[in-house]
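> One-letter residues, chain by chain:
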Amino acid sequence: QLHKQSDSLINRAKPIISVDKAKILQNVNVIANMQYANNSNFQDGDYTGSNFAMNQFRLEVKGMVLDNTVFFRFRDRYTRTPTVQSVDNVDHSVDMIFVGINLSDKFSLAFGKMCADYGGYEFDMNPIDIYEYNDIVENADNFLTGAQFTWNAPKEQQFTFQVLNARTKTFDELYDNAPDIEAAKFPAAFVGNWRGSFAKGLLSTFWSYSLITEASEKQVQYIALGNQLNLKKVLIQYDFKYMKDDLDRLGVVSGLIPESYLPNTALKTDYIEHWLRVQYNFAPKWNVTVIGMVSDSYWKGNLDTAVSNDHIRTAWGVIPTLEFYPFKQLNLKFFASYIGRDYKYSNTAKTTYDLNDSSTGQVMVGFIAPLKFL
Amino acid sequence: QLHKQSDSLINRAKPIISVDKAKILQNVNVIANMQYANNSNFQDGDYTGSNFAMNQFRLEVKGMVLDNTVFFRFRDRYTRTPTVQSVDNVDHSVDMIFVGINLSDKFSLAFGKMCADYGGYEFDMNPIDIYEYNDIVENADNFLTGAQFTWNAPKEQQFTFQVLNARTKTFDELYDNAPDIEAAKFPAAFVGNWRGSFAKGLLSTFWSYSLITEASEKQVQYIALGNQLNLKKVLIQYDFKYMKDDLDRLGVVSGLIPESYLPNTALKTDYIEHWLRVQYNFAPKWNVTVIGMVSDSYWKGNLDTAVSNDHIRTAWGVIPTLEFYPFKQLNLKFFASYIGRDYKYSNTAKTTYDLNDSSTGQVMVGFIAPLKFL
Amino acid sequence: QLHKQSDSLINRAKPIISVDKAKILQNVNVIANMQYANNSNFQDGDYTGSNFAMNQFRLEVKGMVLDNTVFFRFRDRYTRTPTVQSVDNVDHSVDMIFVGINLSDKFSLAFGKMCADYGGYEFDMNPIDIYEYNDIVENADNFLTGAQFTWNAPKEQQFTFQVLNARTKTFDELYDNAPDIEAAKFPAAFVGNWRGSFAKGLLSTFWSYSLITEASEKQVQYIALGNQLNLKKVLIQYDFKYMKDDLDRLGVVSGLIPESYLPNTALKTDYIEHWLRVQYNFAPKWNVTVIGMVSDSYWKGNLDTAVSNDHIRTAWGVIPTLEFYPFKQLNLKFFASYIGRDYKYSNTAKTTYDLNDSSTGQVMVGFIAPLKFL
Chain U
1 QLHKQSDSLI
11 NRAKPIISVD
21 KAKILQNVNV
31 IANMQYANNS
41 NFQDGDYTGS
51 NFAMNQFRLE
61 VKGMVLDNTV
71 FFRFRDRYTR
81 TPTVQSVDNV
91 DHSVDMIFVG
101 INLSDKFSLA
111 FGKMCADYGG
121 YEFDMNPIDI
131 YEYNDIVENA
141 DNFLTGAQFT
151 WNAPKEQQFT
161 FQVLNARTKT
171 FDELYDNAPD
181 IEAAKFPAAF
191 VGNWRGSFAK
201 GLLSTFWSYS
211 LITEASEKQV
221 QYIALGNQLN
231 LKKVLIQYDF
241 KYMKDDLDRL
251 GVVSGLIPES
261 YLPNTALKTD
271 YIEHWLRVQY
281 NFAPKWNVTV
291 IGMVSDSYWK
301 GNLDTAVSND
311 HIRTAWGVIP
321 TLEFYPFKQL
331 NLKFFASYIG
341 RDYKYSNTAK
351 TTYDLNDSST
361 GQVMVGFIAP
371 LKFL
Chain H
1 QLHKQSDSLI
11 NRAKPIISVD
21 KAKILQNVNV
31 IANMQYANNS
41 NFQDGDYTGS
51 NFAMNQFRLE
61 VKGMVLDNTV
71 FFRFRDRYTR
81 TPTVQSVDNV
91 DHSVDMIFVG
101 INLSDKFSLA
111 FGKMCADYGG
121 YEFDMNPIDI
131 YEYNDIVENA
141 DNFLTGAQFT
151 WNAPKEQQFT
161 FQVLNARTKT
171 FDELYDNAPD
181 IEAAKFPAAF
191 VGNWRGSFAK
201 GLLSTFWSYS
211 LITEASEKQV
221 QYIALGNQLN
231 LKKVLIQYDF
241 KYMKDDLDRL
251 GVVSGLIPES
261 YLPNTALKTD
271 YIEHWLRVQY
281 NFAPKWNVTV
291 IGMVSDSYWK
301 GNLDTAVSND
311 HIRTAWGVIP
321 TLEFYPFKQL
331 NLKFFASYIG
341 RDYKYSNTAK
351 TTYDLNDSST
361 GQVMVGFIAP
371 LKFL
Chain B
1 QLHKQSDSLI
11 NRAKPIISVD
21 KAKILQNVNV
31 IANMQYANNS
41 NFQDGDYTGS
51 NFAMNQFRLE
61 VKGMVLDNTV
71 FFRFRDRYTR
81 TPTVQSVDNV
91 DHSVDMIFVG
101 INLSDKFSLA
111 FGKMCADYGG
121 YEFDMNPIDI
131 YEYNDIVENA
141 DNFLTGAQFT
151 WNAPKEQQFT
161 FQVLNARTKT
171 FDELYDNAPD
181 IEAAKFPAAF
191 VGNWRGSFAK
201 GLLSTFWSYS
211 LITEASEKQV
221 QYIALGNQLN
231 LKKVLIQYDF
241 KYMKDDLDRL
251 GVVSGLIPES
261 YLPNTALKTD
271 YIEHWLRVQY
281 NFAPKWNVTV
291 IGMVSDSYWK
301 GNLDTAVSND
311 HIRTAWGVIP
321 TLEFYPFKQL
331 NLKFFASYIG
341 RDYKYSNTAK
351 TTYDLNDSST
361 GQVMVGFIAP
371 LKFL
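Residue numbers (my numbering), protein chains in the order written: chain U, 1 to 374; chain H, 1 to 374; chain B, 1 to 374.
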């Protein structure tokens, strides 16, 4: 039983010389990515309740498995019900499972389920460091299966190019009964990305353009422009994001319009976002950060010509946070954070789609750790 | 892709000096907690069937991740379908995921999903060593998210205090349509616990008092008094447990009363339990243990004043077991066990709620191991 | 919390002397079994679509945990939704979780969920090396819970004998409303297996006979005869398989007959299969393999005496593959494969059961790796 269905010399599934165990142990890490908090929630100013929650728990294994040549990464959430997805065949809880190969110092390839390499610093951070995402990252399909090519260009510039499945579910599962739209035979996402670094890291950029085929003749285009200024004790990050959906893949607008008005997924939606994060390391072991963000959503596909205004809502967010790192040797921080959200609807949205302004607040006190435990 | 969404020096998610890998490997263990058996079942004396089953399989990682200061524990079941719970956001299969910090030799803190620190030796044992729980432990929510404070007092006494979520599901999910009861805004459990040790471990105590807010003005109170006498070759453990539910959180009574009589969760239930375990190490590598247990359940909330008797049933249990440890170096035992249960209903329960006496039996032959495999 | 519900000296769940950590690390491996590909699908000659998919991802931990005496294996799929099975109590995603003991050089025992030790080289290969299974292995319940006894006989012969649960689900779950059939009280599978090796490995055999009690007086008998000729650069494997179901456990025939004709699981079905695999190592690091396979299915249980022909269909399969192993030290291969299937129905099946001939094709390009990462 120990050897049943495993490696067989004859089929050459076993390497001729095996990689040294000690070397693997040194180069592979097992990490428990955790965000734990006591969350207190407010709706339009009224306290609605509190709870303790493991807001995030993603178990991760990653590292080099063959010298400097072959790398591997696996990350799985215990905060999402695992259900096999029909397109890529992997549990929904699995963020990443891929193998990569460094062809040289300059070029590498990776294959498997991975992070779509969208630009912007908001999406590049470890998710446990995010207290709340803006609308696009929150609602997009961020972990997709496919292939990546990376070029480490001279002068600390990096370019990546990905071909990925457009999503993890089938067209029919996502857009049940979408009228007059035909599914694509190979719904794919093409993501191009530039990571730039200038003046010894003082200024960095992280820009991407993505073209995603959602259905036959229905594309999603997504531009994300991340910019960072690193002034030692102060770090400033600014992302601009623009997404244009022929078919509303993001689903925010489709979720807002009442089903009685629009029974199907909306056509022609636009999302425009700004995200600014300032971090100040005001004392050893202490950081204060403030995030300000805004997301505008538009529906240009309303067939009723009497409705001329395509602006649906402006979602504001402000997130001040205090962070404390008690240990020199361990990546663990305690934090206190407030997440304020304000949803302002256009007059058209209020009168035509029956939507109302609202605001939510959340006080979070807890800890965050990408805890290396093996 | 290897570094996407992971640690970033700038955001100081990476430690200045990392803990030595060899030290972590020495201090962290990976354990497969298993109880495997061939189970043969009997109902009221008749043989009903047999099967092989992995009765329990809980994978566990635990240990010190920073010297003697920071500890970590994660335990996940492969014998329970993982479904994210709405209150604490973690898969139902996850027993524990917490981080703890030793503030000094005397004080420590822990945060995350953990064992509710209820007293009693029955609940303190590794679940794989239990062949069948008595009613309270079997039906209670034992793994909850929150915080624990521990005081290692002088003379081998230990006191712990916990604040936890009252449960993992919301009020609406558990008590659908409960009439005239309002959900609490912060349904919390407060657990206080005393572990005592006297006469060099000859006598130990493990007592707790818990106050759990189930709903607005509906509390659960739970007292568990564990006592142990350790006479070298003979070990005697006796638990007394008393639970008083304003709203029947345990659910045993609510499950017994026919839905036609009581469509909702019962109000005012009481549970009183005794649990006695005697273990005799009669030869090297051999143990014999006997457990005797009894659980009485009461429903004081019946509004029909004609029903004066609130006693519902007495559930008896007797579990004789023979255990054999073949290996000196490995914690693995083979066992043969019989689980006899006898359910005796009160006359009122028989006539008013249409319940009938019954008995079940189970013969189990198998192995148990908290197998350390990394 | 670190020690709650874990080992306790008193209950002797902790070994007297613990196995050395370094020794465990040396003897236990953690393996990510992966098959990743871009799949392009064809139906009756027409292109129907493409996608990237992690066709297989099975995480595995295995090795000796106590010198040469106690071994352990655990394999879990992230490509199957985990749901606890009612008979063996383990998640459906778990292929194996067992503990084994070498009683001597000659005899060993294993207990837990394991591979049913069916013969044939098709089933013995690591599943990631299989691009598509023939009907029997594809549809059988291959991972069952029970016990195995192994005898390493002289002259490189090995005999195994297993007693296993017949399945992971109950009779009622599988055969809802089966008329006039009574469930068995202990539905068990008995599997006997012979692995032979002759002329220094030039010729090998892998034969098994299995008797599976599906229901009271309803048996499944399964014979699998695997044969292998190893001519250094060329490897030839041929399996003959024959399965006879009193009650159609395999379900292929029951799935083909329209529900309007047969509302329940079919009685008396037969399956006969041939599977031939030729592998040619035509250059260092390069293999070419061709698999040819055919599966015939019969329904002898049709009560309509007017239907005299019991042959339902012949399913053909041909799978040519090119494989490339770029690394000497790592078990990773890139592959390009074509899977052609052709389904030919008998005239009776066409006229009586309204079935039509069809064919499917799949082009796969990807990588396969049992990646050892710890």
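One or more of the hints may lead you astray.
Note that identical chains are pooled: a pair holds if it fits in a single copy or bridges any two copies.
[Unchecked claim] Heads up, simulated DSS-like pairs for lysine-lysine below, C-alpha to C-alpha not over 27 Å straight-line:
1. 185 to 4
2. 350 to 169
3. 233 to 4
4. 185 to 285
5. 155 to 185
6. 300 to 244
Quick caveat, the hints were computed from the structure, so don't treat them as lab data.
> Taking 27 Å as the upper bound on the Cα-Cα distance, should residue 233 and residue 4 be classified as within, between, both, or neither?
between (57 Å within a copy, 23 Å between copies)
> For residue 185 vs residue 285, is the C-alpha pair at or below 27 Å within one copy, between two copies, both, or neither?
Classified as neither: same-chain Cα gap 53 Å, cross-chain 34 Å, threshold 27 Å.
> At 27 Å max between alpha carbons, let me know whether residue 350 reaches residue 169 within a copy, between copies, both or neither.
For residue 350 and residue 169, neither the intra-copy (33 Å) nor the inter-copy (35 Å) Cα distance is at most 27 Å.
> Indicate which option fits the pair residue 155, residue 185 if close means a Cα-Cα distance not exceeding 27 Å: within, between, both or neither.
Neither, since 40 Å and 56 Å both go past 27 Å.
> Within, between, both or neither: how does the pair residue 300, residue 244 come out at a Cα-Cα threshold of 27 Å?
Cα proximity of residue 300 and residue 244: one copy only (10 Å, versus 59 Å across).
> For the identical chains here, do residue 185 and residue 4 meet the 27 Å Cα criterion within one copy, between copies, both, or neither?
neither (38 Å within a copy, 30 Å between copies)
When held up to the earlier numbered hints, the structure conflicts with 1, 2, 4, 5 and fits the remainder.
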